[in-house]
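**Q** Take a look at the letters that make up each chain.
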Amino acid sequence: MAASAIPMQRAGSFTPPGDLRSIWLIARRAALESLHDRTTQGASAIFSLLVPIILVLTMIRPQAMHTGSKADTALGLLMAVYLLVVGLLPTSNSISVASGLFAGEKEQGNLAPLLATPASNRAIFGGKVLGAVLPSLLYAVVAVSTYLLEIALFVGTGKLHLLPLGLSLAMLALVPIYAVFGAAVASLISSRVRTYQGAQTLASVVMFPLMAVLFGVAFAMQHWGIWWLGIAVLVLVGIDVLIVTLGAATWRREEVLARR
Amino acid sequence: MIEAKGLSRRFGEVVAVDNLSLRVPDGTILALLGPNGAGKTTTVRLLSGLLAPSGGEATVAGYDVRRDAAAVRAHIGLVTDVPGLHEQMTVPAYLDFFGSLYGLPNAMRARRIDELLTFFDLDTHRAERMVGFSKGMKQKVSLARALLHQPAALFLDEPTSGLDPLAARAVRELIVSMKHDSRSIILCTHDLDEAERLADQVAIVRQGRLVACDSPAALRAQGSPDSIVQVALAAPCPTALEVLSRIDGVLEPEAPSPLLLEYHVHRPLEVNPRVMEQLIAAGARIVSATCTTRTLEDIYADVMTSARSVDGADSGREMVVAAAGEGRRAG
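The listed protein sequences derive, respectively, from chains F and D. With positions in the first sequence counted from 1, the corresponding number in my numbering is that position plus 98. With positions in the second sequence counted from 1, the corresponding number in my numbering is that position plus 7.
The set of hints was computed from the structure by calculation and includes no laboratory data. There may be inaccurate statements among the hints.
Claimed, not checked - Footprint (simulated), chain F over chain D, 3 or more residues, beta carbon under 8 Å:
{"hint": "1", "stretch": "72 to 82"}
{"hint": "2", "stretch": "103 to 109"}
{"hint": "3", "stretch": "192 to 206"}
{"hint": "4", "stretch": "212 to 220"}
Unchecked claim - Cβ pair distances, simulated, as ranges:
{"hint": "5", "chain 1": "D", "residue 1": "Asp33", "chain 2": "F", "residue 2": "Val304", "range": "38 to 44 Å"}
{"hint": "6", "chain 1": "F", "residue 1": "Gly323", "chain 2": "D", "residue 2": "Ala114", "range": "36 to 42 Å"}
{"hint": "7", "chain 1": "D", "residue 1": "Pro32", "chain 2": "F", "residue 2": "Gly140", "range": "50 to 56 Å"}
{"hint": "8", "chain 1": "F", "residue 1": "Val304", "chain 2": "D", "residue 2": "Thr125", "range": "46 to 52 Å"}
{"hint": "9", "chain 1": "D", "residue 1": "Ala114", "chain 2": "F", "residue 2": "Arg290", "range": "46 to 52 Å"}
Yeah, the Cβ is synthetic: ideal placement off N, Cα and C, and Gly gets one too.
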């Protein structure tokens, strides 16, 4: 190591990337780190592979033994509701990841270098939320695929036709809606508390009632027509957009480090 | 150029930085000294656009830290007190991430990463995740990150912490070379020897207030101009103390023991040769003579002690760089 070995001429000013590019860079880094994390991998493997098998064998298959049109309708509704359960479990990880994004990284000391870059507050917040959501959605896709595959394997391919299309699509739509909402709320909490533990606890306190509300909505959706389902999904997407936009607009890097 | 005028930062009732003013021209290193919790890190965060000041103003590389915080951040390099790496990543991926955020074009980014990896002897660890790195290696990565975009101003918090002596020396040489390349550098350190060797100015902070700011030599001169000379004798010399007291420029002569003489002197270059000549003429058999100049550590201790005694009476001071006096060293 010698000082003469490194050219240190002053370069001209570089033009930092725009917000969208910065969001993507920050999200990609966070997502890759999350995907490499052993604990997350273990939990996600359980949620994505093991839980669907258990649900199919203990809940779906016994119901499939019953015959008749009423039994088929009940089976279709059951499969659709569990579609939501199977998708939601891996996305709960996004809340845990998002809780660590600011408070956890601040504790570890690796937040300051990112905050010292020219990336805007919007880009950092947006990138962090997206980075927490992407791995969870990937695991959710694996979980839902595993669930459907196991229904085909253990219950029968023909039973998949019993899934009500509108309700199933609505259930699938609720998965990213919840993931984005949870990650945004957890990120906001994480940037306003001092410790990772505090962020996780507070995020759980906020998110569990919301999860209950979501399941309530999901059960109610069984009786809604296709139009109401569509409207409900659009309203929930709107709430997501609102919370992410509000979060990005109000989040300030100065406030993160000002928490002592 | 880094310049702060009356910079303040409060956290609720706590005043972390209080009316702090300093000026670091291009091509200058300022060492920021002070005990833990003195406000050094908060000062660096204020100047690097990470925290908004509660009062006062500051510019870095010509940009205002309040109004142009993003431009400030684009022109600074920051090494924090902990390396703060994403340890699941490899070094090239990590540097590429930050290089992209700073907007370095692809080809230049790849070239800079190669240069920095070679410079910091990290070339052979390209494919490894940083989770297994030693503290010194992590510190090197942190430095590489700060230098990636060739910033105009650098904030280095304990940059040689955890490095082996050779690596630490190379980093110090690098810091000096960056200074010669007209960069403004603020160096937070607890290593007073490092501060004395590298810094053009030393700022001592206590409880958020600047209690001293000057060149190391001028600070030494401000405290006490004395050097202390100790002369060890092979045998007692009864007239030695009388001889010493007659010599112009010898202050407070004393004999702590029959074989040891001690005196203070303002101008050792002029006085000491005469002392030796006259002691030898008086029959003294001199074994050794040691002339000790006050170190930055002595000054630091003095400043901290006196700051404690005047706490509450002083509402912060602005100090500007004084002409550097001639430093004196132990010899």
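**Q** It remains to establish, for every hint, whether it holds in the given structure.
**A** Comparing the hints with the structure gives:
1. 72 to 82: It holds: at least three residues are needed, and the stretch 72 to 82 of chain D offers 5 whose Cβ sits within less than 8 Å of chain F.
2. 103 to 109: holds (count 5)
3. 192 to 206: violated (count 0)
4. 212 to 220: Result for this restraint: violated, n = 0.
5. D:Asp33 <-> F:Val304: 38 to 44 Å: 50 Å, violated
6. F:Gly323 <-> D:Ala114: 36 to 42 Å: 58 Å Cβ-Cβ, so the 36 to 42 Å window is violated.
7. D:Pro32 <-> F:Gly140: 50 to 56 Å: About 55 Å separates the Cβ atoms of Pro32 (chain D) and Gly140 (chain F), which means 50 to 56 Å holds.
8. F:Val304 <-> D:Thr125: 46 to 52 Å: Given a distance of about 49 Å, which is inside 46 to 52 Å, the answer is holds.
9. D:Ala114 <-> F:Arg290: 46 to 52 Å: 41 Å, violated
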